[in-house]
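Undergrad: Quick mapping for you: the protein sequence lines, in order, are chains A and B.
Heads up, the first sequence is in my numbering, so the first residue is 289 and it goes up one at a time.
Heads up, the second sequence is in my numbering, so the first residue is 8 and it goes up one at a time.
Because the hints were derived from the structure by calculation, they are not lab data.
Predicted, not measured: the structure shown is a model, and the values here were computed from it.
All C-beta atoms, glycine included, are put in the ideal place defined by N, C-alpha and C.
Misleading hints may appear alongside valid ones.
Unchecked claim - Just so you have them, the derived chain A footprint on chain B, three or more residues with Cβ under 8 Å:
#1 25-31
#2 94-102
#3 174-188
#4 372-384
To be verified - Below are the EDC-like pairs computed for lysine to aspartate or glutamate, each with C-alpha atoms no more than 16 Å apart in a straight line:
#5 Lys354/A - Asp283/B
#6 Lys94/B - Glu401/A
#7 Lys404/A - Glu87/B
#8 Lys341/B - Asp558/A
#9 Lys404/A - Asp93/B
#10 Lys354/A - Asp221/B
#11 Lys129/B - Glu301/A
#12 Lys32/B - Glu401/A
#13 Lys347/A - Asp283/B
#14 Lys19/B - Glu438/A
#15 Lys404/A - Glu90/B
#16 Lys341/B - Asp563/A
#17 Lys388/B - Glu359/B
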Amino acid sequence: MAKHETPLLDQLESGPWPSFVSDLKQEAASRAKNEKGVEFQTPVDAVEDLLGVLELSYKHGRTHWKHGGIVGVFGYGGGVIGRYCDQPEMFPGVAHFHTMRISQPAGKYYTTEYLKQLCDLWEFRGSGITNMHGSTGDIIFIGTSTPQLEEIFYELTHTFNQDLGGSGSNLRTPSDCIGSSRCEYACYDTQAICHELTNEYQDELHRPAFPYKFKFKFDGCPNCCVASIARSDMSFIGTWKDDIRIDQEAVKAYVAGEIPSNAGAHAGRDWGPFDIQKEVVGLCPTGCMRYEGGKLEINTPECTRCMHCINVMPRALRIGNDRGLSILVGAKAPILDGAQMGSLLVPFIKVEEPYDEIKAVIESIWDWWMEEGKNRERLGELIKRQGFQALLTATGIKAVPQHVIEPRSNPYIFWKEDEVEGGWERDVTEYRKYHQR
Amino acid sequence: MAFISSGYNPDKPMEDRITDIGPRKYDEFYPPVIAQNKGKWLYHEILEPGILVHVSETGDEVYTIRVGGCRLMSVTHIRELCEIADKHCDGHLRFTTRNNIEFMVDAKDKVDPLKQDLLSRKFEGGSAKFPIGGTGAGITNIIHTQGWIHCHTPATDASGTVKATMDVLFDDFTNMRLPAHLRVSMACCLNMCGAVHCSDIAILGYHRKPPMLDHEYLDKMCEIPLAIAACPTAAIKPAKVVLADGTKVNSVAIKNERCMFCGNCYTMCPSMPLADDVGDGIVLMVGGKVSNRISNPKFSKVVVAFIPNEMPRWPTMTKVIKKIVETYANDANKYERLGEWAERIGWEKFFEKCEIEFTHHLIDDFRDPAYYTWRQTSNFKF
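My request is simple: use the sequences and hints to build the entire structure.
TA: So, in structure tokens, the structure goes:
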């Protein structure tokens with residue numbers, strides 16, 4: 289028998305898509321039964337009360353969670369987000385219901401052995417409810433009380449060799465796409481660099497020293513499956529400089545309809561026979577391709593590596609061999625000053641351990657942002673406020689035409705004194721010898 | 008419920024303390040076929056919706072079955088995932104950026120038993136536990152935020168709006184009939200933890216009433232200068248207020264007409280709550296993308312300024328979403344993303360075809376970029 293009636297939530301149990309309400313109910317029932325005799329350190333009815341408070345929000349059309357308050361583990365300023373219910377008498381099981389962010393492994397691969405251990409820990413010391421995963425990438429443990437935080441952290445670090453993720457004005461837990469582990473488009477090993485930089489910058493991740501949050505995301509190619517270009521302060525997007533590798537026999541096989549185009553991605557509708565002129569050559573945004581006499585040619589200097597032709601014919605076209613990544617900076621969601629997409633800062637950089645060149649770019653940006661950024665000002669907003677040139681000065685990167693879509697259409701150039709011959713100190717008396725007042 | 012210690016000694020927090028060790032290393036968790044073929048993959052193919060094969064230059068193959076998951080997940084459910092992975096995948100699985108779960112096997116004959124097992128499992132309420140799909144030119148899982156389950160600033164629920172929407176779009180999760188892939192995202196307030204601002208379709212919770220002021224507590228609960236500084240439109244100023252009992256307190260005043268309802272002040276100051284059953288609801292945005300394929304990444308555009316919160320299934324919202332998806336599916340060219348289609352036909356035609364009313368709210372008036380969205384040409388369609 290459920291502790292709270294949930295007539296509104298019950299309506300979310302039907303329909304084909306997995307029901308989170310059904311899942312919460314099965315967890316509530318599992319805790320009530322407690323077949324394994326777990327000595328729950330968070331109230332046994334926490335999930336019952338979570339359903340109850342959610343039902344109340346469905347009734348009221350308003351949330352019933354209060355602000356965080358300052359909770360955390362000793363010495364860290366991130367990884368834990370305090371959360372309290374605003375109806376603690378009605379729902380004592382979730383009166384204190386803090387979130388813990390657990391740093392996810394790059395690529396989000398798991399062994400069941402490890403996941404089961406995490407489940408046991410979280411069932412014992414928390415609510416048993418998680419997010420797999422949060423938007424930034426962490427494993428999220430939803431719902432525990434303050435005294436359990438240090439216990440969970442101790443257990444994670446001592447038993448699981450596992451640390452917390454980032455929150456607050458910190459480096460947030462970096463995340464990556466599947467990369468070369470299972471994708472032929474990956475221009476670099478996203479997991480290797482994501483893991484290395486996460487470890488290199490543990491101090492920045494755990495102890496808030498930044499003006500605001502800061503995110504790294506690693507996309508192996510310009511398809512951008514982790515959306516780094518839209519949502520990370522520094523976006524690392526794989527790219528290459530040389531020719532797309534072409535297997536002309538495979539091209540012919542695509543043309544002949546022997547291999548399904550788009551790796552089968554459009555198989556749900558009859559789009560007619562594959563037409564290489566229309567679907568590949570004709571849609572190339574730079575017009576750098578030609579298919580004549582059964583041969584596909586790509587004029588590499590004109591190619592912008594948008595991935596379309598490779599996506600359409602993955603067995604015939606492969607990324608080049610001279611690989612690296614582009615760094616784009618300043619992406620963010622709209623708060624506060626409007627949404628920003630990442631802007632290209634480094635067109636090409638090699639991805640080689642120990643990534644010293646990439647770390648040098650990161651650290652020069654942080655030095656500038658920590659010096660000049662205002663409280664709660666994202667990197668993208670600082671770049672907008674001080675100008676892209678200030679970013680170039682801070683990072684010591686030379687301006688190149690790739691930095692812009694087009695040059696400025698106003699001539700209001702803020703010349704600096706050292707750029708103008710003779711400087712700005714002049715003698716007005718000398719001037720007046722030739723120009724009357 | 009007796010307290011059980013992990014071994015941590017609160018009197019000596021630094022004793023044996025381990026910090027800054029980061030996440031577990033990714034390659035501890037690779038299935039053998041992944042570990043052996045990393046960097047050697049030649050190509051992939053989607054064999055049917057939700058089922059992929061990747062072929063390596065070594066000749067090895069890995070078959071992946073992708074299933075939708077709720078990002079809100081219980082340990083009971085995770086244990087069931089593990090049970091399946093133990094049975095079929097030698098104890099390995101992975102999650103995708105969009106909250107899908109991927110089961111991998113190293114031989115084709117292992118695919119069907121896994122598939123049948125996944126499809127046979129249902130929740131007691133009747134919904135699928137592990138729907139297979141989310142690949143190619145279809146709709147994959149919705150990335151989303153916490154909503155009313157665990158956040159202090161939401162203007163709507165996240166898990167519920169997502170469940171209602173995915174139920175309506177379910178056929179396109181298990182099919183690949185669309186002109187291109189279509190990404191739906193959900194964020195329950197303007198802070199957009201879900202970064203929905205570059206999605207083909209974005210569901211966004213939005214407040215429409217300025218904060219209430221809890222004058223009696225405001226100065227005790229909040230740093231007034233921080234609350235003032237948090238406002239992006241400078242709508243908050245300090246104020247002296249006389250309470251009903253005659254007490255004079257320091258507080259703030261709001262210029263209501265300047266408020267953009269972002270809730271930043273509330274994040275800084277709990278004595279300025281915004282949430283309202285009538286004021287809060289849904290904004291729909293469309294046409295964003297993050298891929299660089301054919302055209303540049305794009306922001307999503309607001310096409311419906313407000314839809315009320317209609318618990319528990321948001322029928323008005325899902326009806327508009329379904330109409331947009333169907334219109335796009337019927338009208339766009341192969342490979343065209345939703346935003347590319349809208350730009351080609353013109354946004355005036357988008358509103359006509361999708362039968363969405365255009366209102367003044369949809370014309371940008373927020374700072375400089377607004378000007379660049381007005382029409383500076385005589386070219387338009389009637």
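Undergrad: It remains to establish, for every hint, whether it holds in the given structure.
TA: We went through each hint and held it up to the structure:
1. 25-31: holds (count 7)
2. 94-102: holds (count 5)
3. 174-188: holds (count 8)
4. 372-384: holds (count 3)
5. Lys354/A - Asp283/B: holds, 15 Å
6. Lys94/B - Glu401/A: holds, 13 Å
7. Lys404/A - Glu87/B: holds, 10 Å
8. Lys341/B - Asp558/A: holds, 11 Å
9. Lys404/A - Asp93/B: The hint holds at about 11 Å.
10. Lys354/A - Asp221/B: At roughly 15 Å apart (the allowed maximum being 16 Å), Asp221/B and Lys354/A satisfy the hint.
11. Lys129/B - Glu301/A: With a Cα-Cα distance of about 11 Å, the restraint between Lys129/B and Glu301/A holds, given a limit of 16 Å.
12. Lys32/B - Glu401/A: Holds, at roughly 15 Å.
13. Lys347/A - Asp283/B: The hint holds at about 12 Å.
14. Lys19/B - Glu438/A: holds, 12 Å
15. Lys404/A - Glu90/B: holds, 10 Å
16. Lys341/B - Asp563/A: Holds - the C-alpha atoms of Asp563/A and Lys341/B are around 11 Å apart, at most 16 Å.
17. Lys388/B - Glu359/B: OK: Lys388/B and Glu359/B at ~11 Å, within 16 Å.
In summary, the structure agrees with every hint in the numbered list given earlier.
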